[in-house]
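Peer 1: Residue numbers (our numbering), protein chains in the order written: chain A, 1 to 232; chain B, 1 to 250; chain C, 1 to 68.
Hints are computed from structural coordinates only; laboratory data are not their basis.
Note that the structure is predicted; figures quoted are calculated from it, not measured.
Don't take each hint at face value.
Cut-off 30 Å, straight-line C-alpha distance, at most; resulting in silico cross-link-like pairs (DSS-like, lysine-lysine) [to be verified]:
{"hint": "1", "chain 1": "B", "residue 1": "Lys18", "chain 2": "B", "residue 2": "Lys117"}
{"hint": "2", "chain 1": "B", "residue 1": "Lys18", "chain 2": "B", "residue 2": "Lys248"}
{"hint": "3", "chain 1": "B", "residue 1": "Lys176", "chain 2": "B", "residue 2": "Lys86"}
{"hint": "4", "chain 1": "B", "residue 1": "Lys176", "chain 2": "B", "residue 2": "Lys88"}
{"hint": "5", "chain 1": "B", "residue 1": "Lys86", "chain 2": "C", "residue 2": "Lys55"}
{"hint": "6", "chain 1": "C", "residue 1": "Lys55", "chain 2": "C", "residue 2": "Lys43"}
{"hint": "7", "chain 1": "A", "residue 1": "Lys167", "chain 2": "B", "residue 2": "Lys86"}
{"hint": "8", "chain 1": "B", "residue 1": "Lys176", "chain 2": "B", "residue 2": "Lys50"}
{"hint": "9", "chain 1": "C", "residue 1": "Lys2", "chain 2": "B", "residue 2": "Lys248"}
{"hint": "10", "chain 1": "B", "residue 1": "Lys248", "chain 2": "B", "residue 2": "Lys176"}
{"hint": "11", "chain 1": "B", "residue 1": "Lys18", "chain 2": "C", "residue 2": "Lys43"}
{"hint": "12", "chain 1": "B", "residue 1": "Lys176", "chain 2": "C", "residue 2": "Lys43"}
{"hint": "13", "chain 1": "B", "residue 1": "Lys88", "chain 2": "C", "residue 2": "Lys55"}
{"hint": "14", "chain 1": "C", "residue 1": "Lys48", "chain 2": "B", "residue 2": "Lys248"}
{"hint": "15", "chain 1": "C", "residue 1": "Lys52", "chain 2": "B", "residue 2": "Lys88"}
{"hint": "16", "chain 1": "C", "residue 1": "Lys2", "chain 2": "B", "residue 2": "Lys18"}
{"hint": "17", "chain 1": "A", "residue 1": "Lys54", "chain 2": "A", "residue 2": "Lys167"}
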Amino acid sequence: MRDSTPAVSLFGGFVASFRRDLLIAARHKAELTNPLVFFLIAVTLIPLGVSPEKTVLALLAPGIVWVMALLATLLSLDGLFRSDYDDGSLEQMLISPQSLYFTVMAKVLVHWLVSGLPVTLQAPLLALMLSLPVDGYLPLLASLALGTASMSLIGAVGAALTVSLRKGGLLLSLIVMPLYIPVLIFGASAVQTAVQGGAIGMQLAVLGAFLALAIVLAPIAALGALRISTNG
Amino acid sequence: MAWQWFHRLGSPRWFYEKTTPWLPWLATLSIALIVTAAVWGLAFAPADFKQGNSYRIIYIHVPAAFLALAGYYIMAISGAVGLIWKMKLPFMVMKAAAPIGALLTFVSLVTGSIWGKPTWGTWWEWDARITSMLILFFLYLGMIALQQAFTQRDTADKASAVLALVGMVNIPIIYKSVDWWNTLHQPATIKFTSKSSIDPSMLYPLLMMVIGFYLFYALILLLNTRVEILRRENRTQWVNDLISTTNKRA
Amino acid sequence: MKFQFESIADFIAMNGHGPYVWASYAITFAVLIFLLISPLLQKKAFVKQQIKQQKLAQANNTASEATE
C-alpha cells in the first residue's frame, strides 16, 4: 500500500463534499418540491380511486402514507449521481485522494435532507387527510425518519448501478423496490400497531438495525457500482 | 493441485471441453430421477389425510422453489468469484443462471397458486412462502433487466454481479421480514409442508425429485453456459475449429 | 408399494383434484422441456450463423487474393 497522507482529513473531505452538494441542491430549489408535490398528489389518488369514507381511509392510512413516501423517495433517487456523472465530476471524485466512503455518505446525506426528511415532515399532514387515528402520528414520524434514511442509502446503490444508462430511471425503480420491502413492512407495521394500541419498540429497533446495516454496507456497494459505471 | 484446477477454471475453452462428456450422464440421470419420482409421487405415494390428492403438487412445487432460491445463490456467488478473481467464466455462469432461476421461480409461483385453490379456495393467497417467492421473482427480473441495459458486456457483467450480491445479502432479511409480516395478518397459517410430520412414504419421492431437479439444473446451467462461451469466444481459433468439425459431421 | 387408485380413470380424476394436479405437472414439465431445448436450439442457430460468416470470410479472402 502506498503511504499517501491525504491532503484533506477524513472529516474535512466529508464536510467539503457535504457543503458542495448542499449548495448545489439549494441552487435547484424547484427540484426540492417535486417529491413533496408527488407525495401529496399520490396520496390524494387514494380517496379518489378507493373511497373517501373515513373508516376505510383510517384502515388504509398507515400503509398508504408509507407506500407513497417510499415511491416519492424512489423517484428522487435518479438525480443522486446523475448530474455529477453527466458533467464528469463523478470521475474526478473517484480519483480524488479523499476517502470515498465519506464522499458517498455526504451525497446520500444531502439527498436525504432534501427528499427523505421533507417527505417525513410532510407525512403527518397527509395522514390527517387520510383520517389516521391520533396514536399513529408520532410513530409515523419516527418510522419514516428511520425508514427514509435507509431508503436513501439502499437506493444509492441502485442509482450508482444505473447512473450510466440513459433511461435508467424505471430500471432503477425495478431493482430497488424489492430491497425496500423489509423497511416498508416494519415501518408500516409500527404505525399500524401504534394505532391499535400496541408498543412499537421492536419495529423501531428493527428499523434502526436496518439503518445501521445500510450505513455500513450501502456506501461501499455504491462506490463499487460507481467505479463500474464510470469505467463502462 | 487445487489451485491449478481453479486457475484452469478461468479458461472458458478448458471448461467447455472438460464438461462435454458430462452432459449425457447428467441428462440421463436427472431425467430418470425426475420421471421416476413423478410417477412415484403421482401414483404410488399415499394420499394426504387432509388435502387428498392435491398435495401431490408438492412433488414439483417444492423442488422448483428450492432450486429457485439455490439458483440465486449460485448466480450471486458466480458473480462474486468473477468480481474478485476477474475471471470471464464465472460471469458467463451468472448470466446463464438468471433466466433459469426466473423460470423456476415462476413455476413455483404458478404451482403454488394452483395448489392453493383446492386447499384454501382462492387462486392467490398472500402467505409468507408465496410472497417471498414473488419477491425473489422480482429480484431475478431486476437482474435480467440490468444485464440487458448495458451496451458494454464488461460493464454489464460487473454491474449485475454487484446487484446479485446486494440481492443475496437482502434475501434472508426479506424472507424473515415477510415471515414476520405474515404472522401479523394470519395467525393460523396452513403450511404446505409441515416438514417435521411428513410421512416417509411421502418424503422419499420428494427427496428423489429434489435430487433430480438439482441435477437437471446443473445440466441446464452447463448447457446455457456453454452456449454463452461459444458466443463470447466466437472469434477464437478453437471455436472456429469446433464449428468446422460440427459442420463436417452434419 | 401399491398403486393408489382404483383405475386409470380414477388416477386421472384424482378425486376431483385432477385438473389442479395435472395442470401443475403440465406447466412444470413444459418449462423443464423448454429449459432443455432452448440452449440446444441456440447452439444450432449460433453454429449456422458462424458457418455463414466463415463462408463470407473465405469468399472475401479468395476475392482479395484474386485481385492481387
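Peer 1: Any hints from earlier that this structure breaks? Give me their numbers in increasing order, please.
Peer 2: Those not satisfied are hints 1, 3, 4, 5, 9, 10, 12, 16 and 17.
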